[in-house]
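Here the numbering used here is used: position 71 in the sequence shown is 114, and no number is missing along the way.
Hints were generated in silico from the structure; no laboratory data involved.
The C-beta atom is built at its ideal place from N, Cα and C for all residues, glycine as well.
Hints should not be assumed to be uniformly reliable.
What the hints assert, rightly or not - So the derived label-pair ranges between C-beta atoms look like this: (1) Ala136 / Thr90: 33 to 39 Å; (2) Ile142 / Arg48: 26 to 32 Å; (3) Arg191 / Phe156: 35 to 41 Å; (4) Thr110 / Ala166: 22 to 28 Å.
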Amino acid sequence: MTTARSLRIKSAQNQIIALCGGLDEAAEISHFGRSTVGRWNDLGDPTLMPLAALMALEAHCGQPLVTAALAEVCGRRLADPDAETVSQGNVMARHADAIIQAGELMAAGAAAFADGKVSPNEATTIDRAAGQLELALSQYRKALAGIRAAGGLSVVSSGAA
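The whole structure should be built from the sequences, with the hints applied where relevant.
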């Protein structure tokens, strides 16, 4: 596995651990020791999660982040079996979340690039922000797919003011 491919999977492992509440919580959920979970979380360590831990953590947080990363490095994408029902508030919330996450990514990049150097820690921070944006965009795209499937959505109130 190439370095970029393994780092993509390690980054997803890092995200799933964070979404589950950090090292201690992820250790409890996965039934592995804190030091083992720490190795999964460390981008510099080649240790990958076993399938049982991966399934437990993804089920806990409800996000198939590592599974999606595995599919991605194989040139595939995950798809939900059915589009979620979308309300006006849901699509607007997804839009807002995507914009917020894009701002977080821009801020992380600007802070890292300010001195003309990007340290490994800064690269990790940028990568985490990019992962959060990727997740927000994925949820936004699902909401938009639901609108397409429903034949559209009116975002203007039809009542008289």
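*For this structure, which hints from the list above don't hold up?*
Nothing - there is no hint that the structure violates, so all of them hold.
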